[in-house]
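A.B. asks: Using the sequences and the accompanying hints, generate a full structural model.
Here is how the chains run, residue by residue.
There are 2 protein chains.
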Amino acid sequence: MDLELISFKLCPYVQRSVITLLHKSQPFKITHIDLHNPPDWFKELSPSGQVPVLKVGGSDVLFESAVINEYIDDITPPRLHPDDPLKRARHRAWIEFGSSCMRDILSIIEAQTETAFEETRLALMRKLERIEPELGAGRLFAGDDLCLVDAAWAPLFMRLDILGETRNLFEGASLDKVCRWSEALLALEQVQKSVVPELRELYHGMIENRGGEYARLALLPES
Amino acid sequence: MDLELISFKLCPYVQRSVITLLHKSQPFKITHIDLHNPPDWFKELSPSGQVPVLKVGGSDVLFESAVINEYIDDITPPRLHPDDPLKRARHRAWIEFGSSCMRDILSIIEAQTETAFEETRLALMRKLERIEPELGAGRLFAGDDLCLVDAAWAPLFMRLDILGETRNLFEGASLDKVCRWSEALLALEQVQKSVVPELRELYHGMIENRGGEYARLALLPES
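The listed protein sequences derive, respectively, from chains B and Y.
When we follow the working numbering, the leftmost residue of the first sequence carries the number -2, and every step to the right adds one.
When we follow the working numbering, the leftmost residue of the second sequence carries the number -2, and every step to the right adds one.
It cannot be assumed that every hint is accurate.
Stated by the list, open to error - Calculated lysine-lysine pairs in the DSS-like style (CA-CA distance at most 25 Å, straight line):
no.: 1; chain 1: B; residue 1: K40; chain 2: Y; residue 2: K52
no.: 2; chain 1: Y; residue 1: K21; chain 2: B; residue 2: K174
no.: 3; chain 1: B; residue 1: K52; chain 2: Y; residue 2: K124
no.: 4; chain 1: B; residue 1: K84; chain 2: Y; residue 2: K174
no.: 5; chain 1: Y; residue 1: K124; chain 2: B; residue 2: K84
no.: 6; chain 1: Y; residue 1: K40; chain 2: B; residue 2: K84
no.: 7; chain 1: Y; residue 1: K190; chain 2: B; residue 2: K84
no.: 8; chain 1: Y; residue 1: K52; chain 2: Y; residue 2: K190
no.: 9; chain 1: B; residue 1: K26; chain 2: Y; residue 2: K21
no.: 10; chain 1: Y; residue 1: K40; chain 2: B; residue 2: K40
no.: 11; chain 1: Y; residue 1: K26; chain 2: B; residue 2: K21
no.: 12; chain 1: B; residue 1: K124; chain 2: Y; residue 2: K40
no.: 13; chain 1: B; residue 1: K40; chain 2: Y; residue 2: K21
no.: 14; chain 1: B; residue 1: K84; chain 2: Y; residue 2: K21
Note that these hints are calculated values from the structure, not bench results.
C.D. replies: Spelled out as structure tokens, the structure:
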């Protein structure tokens, strides 16, 4: 099955699918576009104007990241989702929860004052504290084997890791298991290879462009 | 299986699950909360603070509306999702697309000027034009039998129908098949019974509270 992902280099959502594909050693092509100046063929393909889009076998097209990642999992056995409907539903719910945490990271970056920065940071920490008790004794979300929740959360932890280099985002939060989970995910080869080598520089550039409190305190040269 | 949906009366997302449950003649309980003043037990249940939440068998809890609706479909055969992975993925993608259209309706209601109203209205019409060619000769999304895409879009059409009583939202759009689909959905008993009897009044109240251009032109008494 020919698979082509259309993405842009900073997209954390397509990264989920790249992790799944690398984990399963499934060949695929990835085409990066400039989301701020998308080509006409992309506008034709994507009803929402968003990435990722997945081209399947050259003619079929899928959109919406969670949908794409689950489709990829469906057609490349063994499935990373649990067989039990209730467990599978809970995994899907935590994946959606991870998407809302990704949006919170944008709020942190865009916060314009120290107070707003602290509020958005704490809002994310309170959310991470909701997933902490879901984690067990294994290295990853549901034991030691990678599941789709891991693929969904690794891009989030990668961005928190970059942000954490200059600000301690986890201050005052009780997140021992989340931190261990993040470390285990970021050590995986399929996670490390799921982004372009210049991700860190692109991410710093994006943060600077948003011009928030984080950029002022963390990225600008000390005076 | 004991199923209890936690919702609030205006929520279009829980309505999707109610349609699925009514369609399958599956008994369930629904508990309405005031989302603006949620009880403590709800904050404990919902990691995101959002409705719907589904309690399963009294002790298990699911959150995220698309996840809940798919779980309900999974455990109450026959499944309303296609068996073919690619078709199923496309159905899921159009469900997500429907969610983004629901958010567009809020933008229409909240638009503060005639220009903003027209822009948000046209944005939604352009999106509906993307789903128009997906519709075939059948009454519903994928023929004459209800599928989860139908359950997901019916709440959207119900709200467009209420808004359309005083403003023609479809002006200038080529949406013959979408309009036929909407009519067919709104005529279904499981759709009509999926909301509280006072939905229209509650919806008008919400629109008035948002205080946008639509409320000024459509709801206030003529002078």
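A.B. asks: Going through the earlier hints one by one, which of them does the structure break, listed in rising order?
C.D. replies: Result: hints 1, 2, 4, 5, 7, 9, 10, 11 and 13 break, sorted rising.
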